[in-house]
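Chains as they are written, first to last, in our numbering: chain A, 1 to 593; chain B, 1 to 259.
Calculated from the structure, these hints are not laboratory results.
These numbers come from a predicted model, not from an experiment.
Incorrect hints may have been included.
Output of the computed footprint for chain B on chain A, the stretches with three or more beta carbons under 8 Å from beta carbons of chain B [unchecked claim]:
no., segment
1, 217 to 227
2, 259 to 272
Dumping the calculated DSBU-like pairs for lysine-lysine here, alpha-carbon to alpha-carbon at most 35 Å [stated by the list, open to error]:
no., chain 1, residue 1, chain 2, residue 2
3, B, K223, A, K526
4, B, K129, B, K223
5, B, K129, A, K218
6, B, K223, A, K24
7, B, K38, A, K218
8, B, K129, B, K15
9, A, K32, B, K223
10, B, K38, A, K32
11, B, K109, A, K32
12, B, K220, A, K24
13, A, K218, B, K15
Restraint-style ranges between C-beta atoms, simulated for each label pair [to be verified]:
no., chain 1, residue 1, chain 2, residue 2, range
14, B, T29, A, L21, 48 to 58 Å
15, A, Q494, B, I212, 51 to 61 Å
16, A, W34, B, K109, 41 to 51 Å
17, A, R146, B, T229, 18 to 28 Å
18, B, V49, A, M455, 33 to 43 Å
19, A, G169, B, S150, 50 to 60 Å
20, B, K80, A, G169, 42 to 52 Å
21, B, K80, A, F322, 45 to 55 Å
Yeah, the Cβ is synthetic: ideal placement off N, Cα and C, and Gly gets one too.
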Amino acid sequence: MSAASHATGHAGGHAHHGNYLTPKGGFWTTVKDWATTVDHKKIGIMYLFAILFMFFLGGVMALAVRAELWEPVRQEGGQISGQMLYSMFNSEPATSIAEGNNNYNRVFTLHGAIMVFMVIVPSIPASLGNFLLPLMLGAKDVAFPRLNLLSWYIYLFGSFFAVISLVMGGVDTGWTFYTPYSTTTEGYWRVVLMVLGAFILGFSSILTGLNFIVTVHKLRAPGMGWFDMPLFVWAIYSSAIIQVLATPVIGITLLLLIMERVFRIGIFDPALGGDPVLYQHFFWFYSHPVVYVMILPGMGIISDVIAVQSHKRIFGYRAIAFASLGIAAVSFLVWGHHMFTSMSELAAMVFSALTFLVAIPTAVKVFNWIMTLYKGSIAFNTPMVYTLIFLVLFSIGGLTGLPLGTLATDVHLHDSYFVVAHFHYVMMGGTIMALMAGLHHWWPKFFGKMYNEPMAIVGALLVFVGFNITFFTQFFLGSQGMPRRYASYVDEFQFLHQVSTVGSFLLLVGFLVHLGVFIHSLVAGKTAPANPWGGLTLEWLADSPPDEHNFHHEPIVKHGPYDFDAVVPPHWDPADYPLPADVTKPHNVVKAH
Amino acid sequence: MSTLDTRPNQPAANKPVWSRYVHGHHWRTAAEEFDGAKLGFWLFLTTEVLLFAGIFCAYALFRAMYPEAWAEGSGSLDWKWGALNTVVLLVSSYTMAASIYAFQTDQQKRAQINLLITLVAGFAFLAIKFLFEYTPKWSGYFFVLDPALSHYPESGKTALGGLFHFVEGYGGKRPGELFSYPFAESANMPLWWSVYYCGTSLHALHVIIGMILIARVYVKGVKGHYGPTYYTGVEIAGLYWHLVDLIWIFLFPLLYLIH
Chain A
1 MSAASHATGH AGGHAHHGNY LTPKGGFWTT VKDWATTVDH KKIGIMYLFA ILFMFFLGGV
61 MALAVRAELW EPVRQEGGQI SGQMLYSMFN SEPATSIAEG NNNYNRVFTL HGAIMVFMVI
121 VPSIPASLGN FLLPLMLGAK DVAFPRLNLL SWYIYLFGSF FAVISLVMGG VDTGWTFYTP
181 YSTTTEGYWR VVLMVLGAFI LGFSSILTGL NFIVTVHKLR APGMGWFDMP LFVWAIYSSA
241 IIQVLATPVI GITLLLLIME RVFRIGIFDP ALGGDPVLYQ HFFWFYSHPV VYVMILPGMG
301 IISDVIAVQS HKRIFGYRAI AFASLGIAAV SFLVWGHHMF TSMSELAAMV FSALTFLVAI
361 PTAVKVFNWI MTLYKGSIAF NTPMVYTLIF LVLFSIGGLT GLPLGTLATD VHLHDSYFVV
421 AHFHYVMMGG TIMALMAGLH HWWPKFFGKM YNEPMAIVGA LLVFVGFNIT FFTQFFLGSQ
481 GMPRRYASYV DEFQFLHQVS TVGSFLLLVG FLVHLGVFIH SLVAGKTAPA NPWGGLTLEW
541 LADSPPDEHN FHHEPIVKHG PYDFDAVVPP HWDPADYPLP ADVTKPHNVV KAH
Chain B
1 MSTLDTRPNQ PAANKPVWSR YVHGHHWRTA AEEFDGAKLG FWLFLTTEVL LFAGIFCAYA
61 LFRAMYPEAW AEGSGSLDWK WGALNTVVLL VSSYTMAASI YAFQTDQQKR AQINLLITLV
121 AGFAFLAIKF LFEYTPKWSG YFFVLDPALS HYPESGKTAL GGLFHFVEGY GGKRPGELFS
181 YPFAESANMP LWWSVYYCGT SLHALHVIIG MILIARVYVK GVKGHYGPTY YTGVEIAGLY
241 WHLVDLIWIF LFPLLYLIH
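Same shape as in the complex, but just chain A (with noise of 0.2 Å):
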């Protein structure tokens, strides 16, 4: 990137008085500066915090779960073999088979529950989004300061929660919270307090979601109509819908289900004439959408960092921005595939059919990021690798998909290592690699550092090659019938189960090689230019780190956020920028800004 030194910190010489992040003060005046700030970008890197402090308490869960399955658990002749959590918590072996399996339950269930309900849902929305979203509509801050400040503090409340119950000794339920067990099972304020806990992150996503979707609405920049809106923006819209419109179920889901455990009031309780699988109707009718929360984001980001790093116009714009928001309204159709077997055939035949559906928008924009690619002059930096990463995981995570949408063959893979690969390859190689990759394009404009670049892609690689290990003997052993959840098996699938962890404790050595990166950024990486890839969309147009207001001056839109054939970035200089060949009048050629 040798043009990137020609960018200028500031346009207009516009005096410079500090950014967002220059402490107001001492040390107590910057802590309550924080905690009171209604500043989208101050609140969007405390966001950023927490979510990665959870992805790794959620990571050490994962953890202790592969390291369980090392070997199976076997009685012989009295004694107890293989429960190795159980042992770390109790000098003496356990009485038995079922309370030492009690300890896997209670942590692939944290496991579960953190990771979706602290981590995946609210990572990229609420961190990346909180900060990009306004800078990107050329907006000075999300359109309710104060509540978007309010969804913070819901967050950690919620969370706050979540954690009591984990001290107290945590739920055994999964992260589903099924009934009739989560209503029986022992640790009855545990649980209480663990469902309560999502309840309350339910506001907070919820309060999000229409913060963005008003902010999209009403404080875009002059000059910006729909279709000049970047395309992170246009997933996160989709994703705000699917939060503000599913949330509130899963929210008298769980109330519903606090008031079956406090006063049995039988509404999901077979014995009083109640019907546990409402409960999972209620319950996938939210958390099938909330997958699309979890993923749209994601390809928001994408989107983004495919265009700017192979410095080309996104192939199929509006095709992208559609398939958006057709995921959105297909996404409220699909639940039912969680629960073919509790239902009619027929509508199991309906549920299947519109499951189908979904991989329609998706293929659209898989195929457009890949024709955005051919013939771009593509930068192998780490955010464009995790970006090939996400194609190559994102895309076996689809296609693994539909076998299990598919009657026949889900008879035969559902509740098995199958379903657990398939969605930690959407999830994980889908969102948390977006998250990823994001999060290396706009660290410099987050904090006006760069990063080491080789280390971060030698982090990358081993993430891959973790993960790949991890989770594609996985499929393998789904297909042979292991099922999921179980804290033993038969000795035949001890050995794919002790690669699967090889691989797991791999991806922990790239994911502490990323964290040493990003600590010697903060402390000792050289100080970022406002553009250092050449974007063309408003945030790039701010420094790095933004000022306050975000920028000097109401920026006013004048071309699409990937006339990367037509523009000049801005900070970048004309004679050196790589136009092509074909843009020969110089009026085609705008400066940007």
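Once you have looked at the hints, place chain B on chain A.
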């Protein structure tokens, strides 16, 4: 950052508070801020409707599964109390709307009185719900002024200094496992009471939240914060109050009228 602040200079301090309102720095005009606030609140109301959708779904499902329990349960509710509460809420919706109009036309006293009537109606709704509906059904204790009390032989037991009179064999209409009404004919009647209590108590909670919003608007109104050019808070509280009304309009016929 005064260079970025497009807002007009603040008017002189001797003008009313509402005319000195300055919109948020990230909005271009006060009108856009008002539109944004309303759009956001309508989205929030959508989530409220979807929250209640769960209750309505459970109602529909169990009504189809256990029609006899639903008929029996619905038969033990007094539609007159439900109808009275419907009228109370409709009147309060009118006074709420009237207070917005009064603020828009700068009739401060009138606006405040209308808000107070709305608040009183909210209290009346809750009082009817708790004294005449929940308490006797749950515990068998009737409020001394309850007209229904004369239809039942009293056991002679009273509570709270004679304010409540106990009637044998009336109470115990509780949800789920707490159900202990001795004369139920349908085995699934506890489920009806689960849906009834969940739906109406969630609604009552919304009434309370609405009253808190209105009380806040009233206090700010007395201080002169609202007038023809700025009344966002009243508008928002009004929207919320109408939603509370609307949900009751659905709950009332489903629970009280159809068998």
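Does the structure break any of the earlier hints, and which numbers would those be? 3, 5, 8, 11, 14, 18
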